[in-house]
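Engineer: The task is simple: from the sequences and hints, build the whole structure.
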Amino acid sequence: MIEATEQTAETTQWVCMVCNWIYDPVVGAPEHGIAAGTAFADIPDDWYCPECGVTKADFEPMQR
Amino acid sequence: MSVSSAAAPNMASDICGIAAQVGVVDSVVAEVRELVKKRLTPKVLDVDLKAEYPEDLLRDIGKAGGYRGAASPEYGGNDLGLRHVVEVIEEVSKECLSTGFMIWCQTACARYIDQSDNTWVKECYLPRIVSGELLAGTGLSNTMKSADTIEDYRLSARRAEGGYVINGVLPWVSNLGPDHVFVTGCPVRGADGELQGLAFVLVECGQPGFRLVDCARFIGLDGARTLACHFKECFIPDAMVLAQPSESAAYLARIKPGMILAQMGMGLGLIDGCALLMEQSNRTHGHVNQYLDDQVGEVVAALEEARTATYDLCDAVEADAGGGARYGLDVLKLRLAGGELSVRAAHAAMLHQGAKGYLVRNAAQRRLREAYFVAIVTPATKHLRREIARMGSEAQAMGSEAQALPACAA
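If you're matching them up, the sequences are chains A and B in order.
In this text, residue positions in the first sequence follow this note's numbering: the first is 1, and each later residue adds one.
In this text, residue positions in the second sequence follow this note's numbering: the first is 1001, and each later residue adds one.
Everything labelled a hint here was simulated from the structure, so no lab data went into it.
Small disclaimer: the values here were computed from a predicted structure and weren't measured.
Glycine is no exception: its CB is placed at the ideal position from the N, C-alpha and C atoms.
Warning: the hint list may mix true and false statements.
Straight-line distance between alpha carbons at most 27 angstroms, and here's what the computed DSSO-like set of lysine-lysine pairs gives [said to hold, decoys possible]:
| no. | chain 1 | residue 1 | chain 2 | residue 2 |
| --- | --- | --- | --- | --- |
| 1 | A | Lys56 | B | Lys1232 |
| 2 | B | Lys1037 | B | Lys1356 |
| 3 | B | Lys1063 | B | Lys1038 |
| 4 | A | Lys56 | B | Lys1145 |
Here are the computed distance ranges between Cβ atoms for each label pair [to be verified]:
| no. | chain 1 | residue 1 | chain 2 | residue 2 | range |
| --- | --- | --- | --- | --- | --- |
| 5 | A | His32 | B | Pro1178 | 19 to 27 angstroms |
| 6 | A | Met17 | B | Arg1369 | 23 to 31 angstroms |
| 7 | A | Ile22 | B | His1287 | 45 to 53 angstroms |
| 8 | B | Gly1322 | A | Ile22 | 39 to 47 angstroms |
| 9 | A | Thr12 | B | Met1391 | 37 to 45 angstroms |
| 10 | A | Ala57 | B | Arg1369 | 25 to 33 angstroms |
| 11 | A | His32 | B | Ala1309 | 43 to 51 angstroms |
| 12 | A | Met17 | B | Asp1117 | 32 to 40 angstroms |
| 13 | A | Ala35 | B | Ser1393 | 47 to 55 angstroms |
| 14 | A | Asp46 | B | Lys1063 | 38 to 46 angstroms |
| 15 | B | Glu1161 | A | Ile22 | 40 to 48 angstroms |
Structural biologist: Structural data, given as structure tokens:
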């Protein structure tokens, strides 16, 4: 059960609350230094949204 | 080869404007008109399509005196005030809204400083800003929206010895560069987290703890050097504070009317440019354009009315010791009309031009994209409508209360 929850967390998409840019951990953001498969939590804190420049703090899990 | 030089001749390059402007044209405005004709018209597509920042032109408009309406004479101003600022923005926006917007940024920053009580900043920075030597932006969009409870504050400040330490990110601030300055305002909270007010500060983009991030791409005005501003434990000394928390409410009330009203220069210039496109199309297609809803005569009439109202309100705001706070509702209503008329005029220009207006190098589609900027830049149409409704309700409530009060003895 714990394993399933962690897997879900690692595939959760995150959306920038300022510009709506979406981070998909499956795809990553290779052109911005984030390899495919990187969970949002593992992205460095000094990374910023490629679309508007805000930091990780302005992202929220994508609601389906 | 530049995009602009490869472009088909722009039929709308006669930037003297279509709507009658009464009175003698100011010599500075005339010089700015020449600069636009010689330097901006050939580059307008590069600014629009290649996000080229027209830095040299911005500096030369400053040298010509284009920003001097924003400052008091003792700090390099020309004593012509807000109306002159609007006239210059308008003249440039007839051709290119991106450049007109940057002039608004430059003069808005100058005006914020001029309206402050910080003599040192006025002496040190204002003459350089109004001469175009120092380029400047305004990072008050989030401050204004947060103050009007539309969104949360994106910056926070805490008191430190001799100044404030600021943290946070402002996503989109225009007319910036490593050696530029801009004004922003952020909430100051005490140790208990209680809001003490806003601190309005002048920020040097090259200072420690501050970083510019260039990432956003826009469908219009992409040459306006719009960057994200990162503050990380960024110390701003008291010498750079334009208004301390205790005086921030009065300061904001003082700068707001002029800041919003000056944006009318963008709308007026753009509408004029759109009317010109319509008129040019009518020379060959008037027989079919006559079936469109908005005709050039109607747009020009609305433009002339808006221009007169803008200039009159500029004079009133300038003459008011409170920075025009008493005209707040009038300013918001006029600004709302300016955005709506901009979109209407650009839509009409696009329909007049027809299929040729859909070409990448045709001005009509650019003007349409630019028109939406007038309608969405802070304060956006929805923001303006909300504030107008709120102020209207408050005025109504005060009227009801006054009626309910017993009559005072004369």
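Engineer: Work down the list of hints and note, for each, if the structure agrees.
Structural biologist: Right, here's what the structure says about each hint:
1. For the given pair, lysine 56/A sits about 14 angstroms from lysine 1232/B by alpha-carbon distance, which is consistent with the 27 angstroms threshold.
2. Between the alpha carbons of lysine 1037/B and lysine 1356/B the distance comes to roughly 23 angstroms, so the proposed pair stays at or under 27 angstroms and holds.
3. Restraint check for lysine 1063/B and lysine 1038/B: satisfied, since their Cα atoms lie roughly 16 angstroms apart, inside the 27 angstroms limit.
4. Note on lysine 56/A and lysine 1145/B: the hinted pairing holds, with a Cα-Cα distance of about 22 angstroms set against a maximum of 27 angstroms.
5. At roughly 22 angstroms, the beta carbons of histidine 32/A and proline 1178/B sit within the given window of 19 to 27 angstroms.
6. Separation of methionine 17/A from arginine 1369/B is about 25 angstroms and conforms to the stated range, judged on CB atoms against 23 to 31 angstroms.
7. Distance hint check for isoleucine 22/A and histidine 1287/B: the Cβ-Cβ separation is about 50 angstroms, which falls inside the suggested range of 45 to 53 angstroms.
8. Distance hint check for glycine 1322/B and isoleucine 22/A: the Cβ-Cβ separation is about 46 angstroms, which falls inside the suggested range of 39 to 47 angstroms.
9. Between threonine 12/A and methionine 1391/B, the C-beta spacing of about 43 angstroms keeps the proposed range 37 to 45 angstroms intact.
10. Between alanine 57/A and arginine 1369/B the CB atoms are about 31 angstroms apart, so this pair conforms to the stated range of 25 to 33 angstroms.
11. Judged by the Cβ atoms, the range 43 to 51 angstroms given for histidine 32/A and alanine 1309/B holds: they are separated by roughly 47 angstroms.
12. Remark: the range hint 32 to 40 angstroms for methionine 17/A to aspartate 1117/B is upheld by a beta-carbon distance near 36 angstroms.
13. A beta carbon spacing of about 53 angstroms between alanine 35/A and serine 1393/B agrees with the range 47 to 55 angstroms that was offered as a hint.
14. Look at aspartate 46/A against lysine 1063/B: about 40 angstroms separates their beta carbons, and that is inside 38 to 46 angstroms.
15. As the Cβ distance of glutamate 1161/B to isoleucine 22/A is approximately 43 angstroms, the hint placing it in 40 to 48 angstroms holds.
When the structure is compared with the earlier hints, no violation turns up for any of them.
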